[in-house]
Every structure is written in C-alpha cells, then in structure tokens.
Amino acid sequence: VSTQSTWGVRMKIFEQSLGILLRCAFAAVEALQTLDITKLIEHISLVLVHALESPDSISFDSATQEILVVTYLDLILKKLENLNEESVLGQFATNNTVPLVLKHYEKFAGRMDKEAQDAYVYFMANLTDSEGFQTHRSTYIPEKEDKKRLVLLEGRTKELLAVDHSNRKALRSLSDNIIRFK
Numbered sequence: 001v002s003t004q005s006t007w008g009v010r011m012k013i014f015e016q017s018l019g020i021l022l023r024c025a026f027a028a029v030e031a032l033q034t035l036d037i038t039k040l041i042e043h044i045s046l047v048l049v050h051a052l053e054s055p056d057s058i059s060f061d062s063a064t065q066e067i068l069v070v071t072y073l074d075l076i077l078k079k080l081e082n083l084n085e086e087s088v089l090g091q092f093a094t095n096n097t098v099p100l101v102l103k104h105y106e107k108f109a110g111r112m113d114k115e116a117q118d119a120y121v122y123f124m125a126n127l128t129d130s131e132g133f134q135t136h137r138s139t140y141i142p143e144k145e146d147k148k149r150l151v152l153l154e155g156r157t158k159e160l161l162a163v164d165h166s167n168r169k170a171l172r173s174l175s176d177n178i179i180r181f182k
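All residue numbers for the sequence shown refer to my numbering, where the first residue is 1 and numbers rise by one.
Since the hints were derived computationally from the structure, they do not count as laboratory data.
Beta carbons: idealized from backbone N, C-alpha and C, even for Gly.
Mixed in with the good hints, there may be bad ones.
[As the list claims (entries may be wrong)] Label pairs and their in silico Cβ distance ranges: (1) Thr135 - Trp7: 46 to 52 Å; (2) Thr94 - Asp164: 32 to 38 Å; (3) His165 - Ala63: 29 to 35 Å; (4) Arg23 - Ser54: 32 to 38 Å; (5) Arg180 - Ala109: 31 to 37 Å; (6) Leu46 - Asp164: 32 to 38 Å; (7) Ala63 - Asn96: 40 to 46 Å; (8) Val49 - His165: 35 to 41 Å; (9) Phe14 - Thr135: 29 to 35 Å; (10) Val9 - Arg172: 24 to 30 Å; (11) Pro142 - Glu53: 27 to 33 Å; (12) Lys148 - Ala25: 24 to 30 Å; (13) Gly8 - Pro55: 41 to 47 Å.
[Said to hold, decoys possible] Cross-link-like lysine-lysine pairs, in silico, BS3-like; alpha carbons within 25 Å at most: (14) Lys158 - Lys144; (15) Lys12 - Lys144; (16) Lys158 - Lys147; (17) Lys158 - Lys114.
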C-alpha cells in the first residue's frame with residue numbers, strides 16, 4: 001500500500017470524524033452562537049459548488065461534507081430564533097445557498113439515503129417557515145428553475161407525512177410552497 005493512498009484514507013476518516021463532531025456540536029445553540037456563521041455558510045456553499053462541479057470526485061457516505069453540509073443548514077435553522085435571523089438569511093442570499101441546495105438535491109438525491117434526503121426537506125421546511133423567507137421569497141428562490149427544484153422535494157415530504165402525522169405542522173410551510181410553485 002502506498003503512502004499516498006494511506007494518507008488519502010486517513011484524510012477521509014478525519015473529514016468524516018470532523019463532520020460528525022460538527023453535526024453533534026451544532027445541535028447546541030451555544031456552539032452556533034459562538035461560531036462565525038458567515039464563514040460556515042460560505043464553507044457550505046463552497047462544498048455544494050464543488051460537489052456540483054466535480055460529481056465524480058465525491059462520496060455519498062452520510063458522513064462526508066457533501067452530505068453533512070445540508071444537515072448543518074438544517075441545524076442552523078432549527079436554532080434560528082436564537083441566532084440573528086436577518087444575518088443568517090442574508091448569508092444564504094449572499095452565497096446563493098438555497099439554489100445550490102436545491103440543485104444539489106436534484107442532482108444527487110437518488111444517490112443518498114433517506115436520512116440525508118430528510119435533511120433537505122427539514123432545511124427547506126424550516127426556511128420556508130421563517131419570517132424572512134415569507135416576506136422575501138424571491139430573494140432565496142429567485143429563478144423559475146429553483147422553484148421547480150423545490151417541487152422535487154414533494155415526494156420525500158409526502159413520505160415523511162405518511163410515516164409520522166406529527167410532522168404535519170413542521171412541514172406545512174414547505175408543503176404550501178410546493179403547491180404554490182407547481
């Protein structure tokens with residue numbers, strides 16, 4: 001085994017371990033409050049761009065950055081009331097994050113497990129439920145193609161509702177926006 005391939009394996013394990021650690025940390029609002037959210041959202045957007053530009057170079061293991069970044073976004077939005085909503089949503093607009101997430105879902109959902117797909121649904125559900133989105137929808141979903149991509153979440157959203165009816169309230173705003181954009 002070459003040293004280069006050994007280092008590649010070790011780097012992948014390190015990346016996955018760090019990603020899991022970050023996912024756990026972001027479950028606590030204090031971690032998000034002390035973090036530079038601007039840099040995190042910029043990082044997430046860059047990871048999404050890289051995945052879209054180099055699809056053959058990524059792994060769809062649930063612990064890779066290409067999959068975990070949407071979970072990070074979901075965790076940020078779950079804590080949005082304790083963060084600066086205007087600043088967070090402003091960074092989404094600045095970094096074109098929402099259209100990138102929707103393109104990423106469109107391109108890769110079929111290669112992801114259900115848990116990864118759920119992160120997209122809950123991220124978009126939390127986003128569409130936010131005051132900033134409701135008052136400035138076109139800032140986050142500016143193009144007709146992005147609206148069509150949002151509608152692609154309908155199947156997984158319906159599956160989540162069929163499994164657990166208590167999701168109805170959490171997914172209501174997303175469901176309404178899917179209907180709006182059909």
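Going through the hints against the structure:
1. Thr135 - Trp7: 46 to 52 Å: Holds, at about 49 Å.
2. Thr94 - Asp164: 32 to 38 Å: This hint holds: roughly 35 Å between Cβ atoms.
3. His165 - Ala63: 29 to 35 Å: holds, 30 Å
4. Arg23 - Ser54: 32 to 38 Å: The hint (32 to 38 Å, Cβ to Cβ) is violated, given that arginine 23 and serine 54 are roughly 23 Å apart.
5. Arg180 - Ala109: 31 to 37 Å: violated, 21 Å
6. Leu46 - Asp164: 32 to 38 Å: holds, 34 Å
7. Ala63 - Asn96: 40 to 46 Å: Once the Cβ atoms are compared, 25 Å apart, the range 40 to 46 Å for asparagine 96 and alanine 63 is violated.
8. Val49 - His165: 35 to 41 Å: About 37 Å separates the Cβ atoms of valine 49 and histidine 165, which means 35 to 41 Å holds.
9. Phe14 - Thr135: 29 to 35 Å: Between phenylalanine 14 and threonine 135, where Cβ atoms are some 42 Å apart, the hint is violated.
10. Val9 - Arg172: 24 to 30 Å: With Cβ atoms ~44 Å apart, the hint is violated.
11. Pro142 - Glu53: 27 to 33 Å: violated, 20 Å
12. Lys148 - Ala25: 24 to 30 Å: violated, 35 Å
13. Gly8 - Pro55: 41 to 47 Å: Given about 19 Å between the Cβ atoms, the range is violated.
14. Lys158 - Lys144: The given pair, whose Cα atoms are some 22 Å apart, holds under the 25 Å limit.
15. Lys12 - Lys144: violated, 37 Å
16. Lys158 - Lys147: holds, 18 Å
17. Lys158 - Lys114: holds, 13 Å
The structure is inconsistent with the numbered hints 4, 5, 7, 9, 10, 11, 12, 13 and 15, although it conforms to all the rest.
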